[in-house]
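Residue numbers (full-length UniProt numbering), protein chains in the order written: chain A, 1 to 324; chain B, 1 to 324.
Among the clues, some could well be false.
The list treats identical chains as one, so a pair stands whether inside a single copy or across any two.
Claimed, not checked - With a Cα cut of at most 20 Å, we get these calculated PhoX-like pairs of lysine-lysine:
{"no.": "1", "residue 1": "Lys173", "residue 2": "Lys215"}
{"no.": "2", "residue 1": "Lys124", "residue 2": "Lys101"}
{"no.": "3", "residue 1": "Lys123", "residue 2": "Lys173"}
{"no.": "4", "residue 1": "Lys173", "residue 2": "Lys4"}
{"no.": "5", "residue 1": "Lys123", "residue 2": "Lys101"}
Calculated from the structure, these hints are not laboratory results.
Protein chains: 2
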Amino acid sequence: MQEKLLDILHKNKGKYVFHEELASNLDISPEEVETNIDKLKELGYQFDFSSNLGYRLKESSTLLLPFEIKRDLETKYIGREIHYFSEVDSTNNMAKKLAEKGAEEGTMVIAETQSRGRGRRGKKWISPEGGIWMSTILRPHIPPADAPKLTLMTGVAVAKTLKKEFGLDVGIKWPNDILIGNKKVCGILTEANAKFNTVDYVVVGIGIDANVDTKIFPSEVVHLATSLKKELEEEIDRVKLVQSLSKIFEETYEEFKSGNFPDILNDWRNLSTTIGSYVEVRKRLGKIVRGEAIGITNTGALILELDDNTLRKVISGECIHIEK
Amino acid sequence: MQEKLLDILHKNKGKYVFHEELASNLDISPEEVETNIDKLKELGYQFDFSSNLGYRLKESSTLLLPFEIKRDLETKYIGREIHYFSEVDSTNNMAKKLAEKGAEEGTMVIAETQSRGRGRRGKKWISPEGGIWMSTILRPHIPPADAPKLTLMTGVAVAKTLKKEFGLDVGIKWPNDILIGNKKVCGILTEANAKFNTVDYVVVGIGIDANVDTKIFPSEVVHLATSLKKELEEEIDRVKLVQSLSKIFEETYEEFKSGNFPDILNDWRNLSTTIGSYVEVRKRLGKIVRGEAIGITNTGALILELDDNTLRKVISGECIHIEK
Chain A
1 MQEKLLDILH KNKGKYVFHE ELASNLDISP EEVETNIDKL KELGYQFDFS
51 SNLGYRLKES STLLLPFEIK RDLETKYIGR EIHYFSEVDS TNNMAKKLAE
101 KGAEEGTMVI AETQSRGRGR RGKKWISPEG GIWMSTILRP HIPPADAPKL
151 TLMTGVAVAK TLKKEFGLDV GIKWPNDILI GNKKVCGILT EANAKFNTVD
201 YVVVGIGIDA NVDTKIFPSE VVHLATSLKK ELEEEIDRVK LVQSLSKIFE
251 ETYEEFKSGN FPDILNDWRN LSTTIGSYVE VRKRLGKIVR GEAIGITNTG
301 ALILELDDNT LRKVISGECI HIEK
Chain B
1 MQEKLLDILH KNKGKYVFHE ELASNLDISP EEVETNIDKL KELGYQFDFS
51 SNLGYRLKES STLLLPFEIK RDLETKYIGR EIHYFSEVDS TNNMAKKLAE
101 KGAEEGTMVI AETQSRGRGR RGKKWISPEG GIWMSTILRP HIPPADAPKL
151 TLMTGVAVAK TLKKEFGLDV GIKWPNDILI GNKKVCGILT EANAKFNTVD
201 YVVVGIGIDA NVDTKIFPSE VVHLATSLKK ELEEEIDRVK LVQSLSKIFE
251 ETYEEFKSGN FPDILNDWRN LSTTIGSYVE VRKRLGKIVR GEAIGITNTG
301 ALILELDDNT LRKVISGECI HIEK
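The following block holds chain A by itself, in its conformation from the complex (with noise of 0.2 Å):
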């Protein structure tokens, strides 16, 4: 009822709509009109009212609210089933629960601040409000050694979303940290669940420090760690960026599942700094590895020339970009 309220005023944008032309077209009584309308200032939507002109959408919500997304949504399945949160655990578990149930492909699990966010490596992930914390079922019919294609397939797509959006100079970090500068503005965690030998599902979890205060940042991560409004200096439309990340994703993956994964991989060589800079890979159990790093392979490891010239493939790792 409140979805159809709103898109009412939204068809009639920066326009009064009269009370009983609203009760008569959503056929309910003047009063259940004020009860929504008090549930949808509730989620923080704005409107002026008189008591001879009617409602006027003032402003919209800024919550990640799913009708608010799906409203000019141009994708055909990514994100056209939306779970929503306030808060939850960690929207990669959520939706790995969700996909064990049999969810479709695109299904996408949204939390305003998650209690138990990931990153790689079993870290701690900072999941504020403000931030856009999202994860998408994906069901590609590939081996599991091809799923790390997926994560750097997501890297393209988060980074080319930002550039567009906003201008913003960001660039890859092996294997999946968007940087703005030097600074993380977004971290991905994709998880593939395979039997045997198929991918059953992959959860593609993107974290965007979006509307975060980098204030609240612990001391530890506050040089290594940026967010759009930081770098912006203003806040930023969550609901538009979400669409936008969509659309975009949805567009990069069906280019993965046609076959032109090459084309993406180049797209990513690209969009990489960490191509051509000197970087320390700290593997498992305190191993180093120092080099230049000149190429990636397409099952996602890092080449790099060591000083000796000799070439080395990493597999996996914390990468730094660092000075020689």
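Fit chain B to the given chain A structure using the hints.
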């Protein structure tokens, strides 16, 4: 307390232990000894009692109680931590939840029944009382591409265990059914969770129709499935089977971790009744491939020689052994 009480009675197997001796050994009152004996009776234990001699253990419970399994368990880490349930939706689902929370390698989930047991390709798996429904968490440091190897490895471990314990002529049907004759007695469902290009954890689900009454099978599977009880014409000791399987499973997994997968794959080839058979593989979308199964690759793909003598690699599908 019940565990300690049992330990004492087990150590004195066949002999009576004075009521007062039990009480003082356990540092509880004689009334509390009674209470604990009663609780154990509820779990299916049977005792002889004499007011002069005390208690004697007559029959152990037939349930898969963790402390019974652990008592004579000869493993280093497999099954050292057991989460036990009378009923659970699916032991694999529960194990995945525990793995997400950081459960260690070897952690096991065992249930007497599953309400939503799953097989490969999303099939329902009937899991009544008397069966063995268990899932084990592994944390191998391998790329996602190697995950299918653990399915093959598990098939080898189960087949070897059933041969050793019961002298049964078991065979493996590609990729992971354990058969007696041409009837299935055990199914395996491995699920790998990979983050980027490293496996985070693998859940190895094993379902054995141990003391299952085959009369309860639905008519459409009754000619395709059997149970150990049916084949051996007597109930088996499920606790002993879990212990033996855990040991052989750990040995095989250690072999895998030390890089001896080729040897395991050779065992698989020898145990497999698929290799050398004329088979039909039903793939997605109703596609069918027929041919003689002549080999398996080290990522678990089946190699078929088709009727026109061309070779065909089959990644996944439902395999049926047929008469040519």
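Evaluated hints:
1. Lys173 / Lys215: neither (23 Å within a copy, 59 Å between copies)
2. Lys124 / Lys101: between (26 Å within a copy, 12 Å between copies)
3. Lys123 / Lys173: within (17 Å within a copy, 41 Å between copies)
4. Lys173 / Lys4: neither (43 Å within a copy, 56 Å between copies)
5. Lys123 / Lys101: between (27 Å within a copy, 12 Å between copies)
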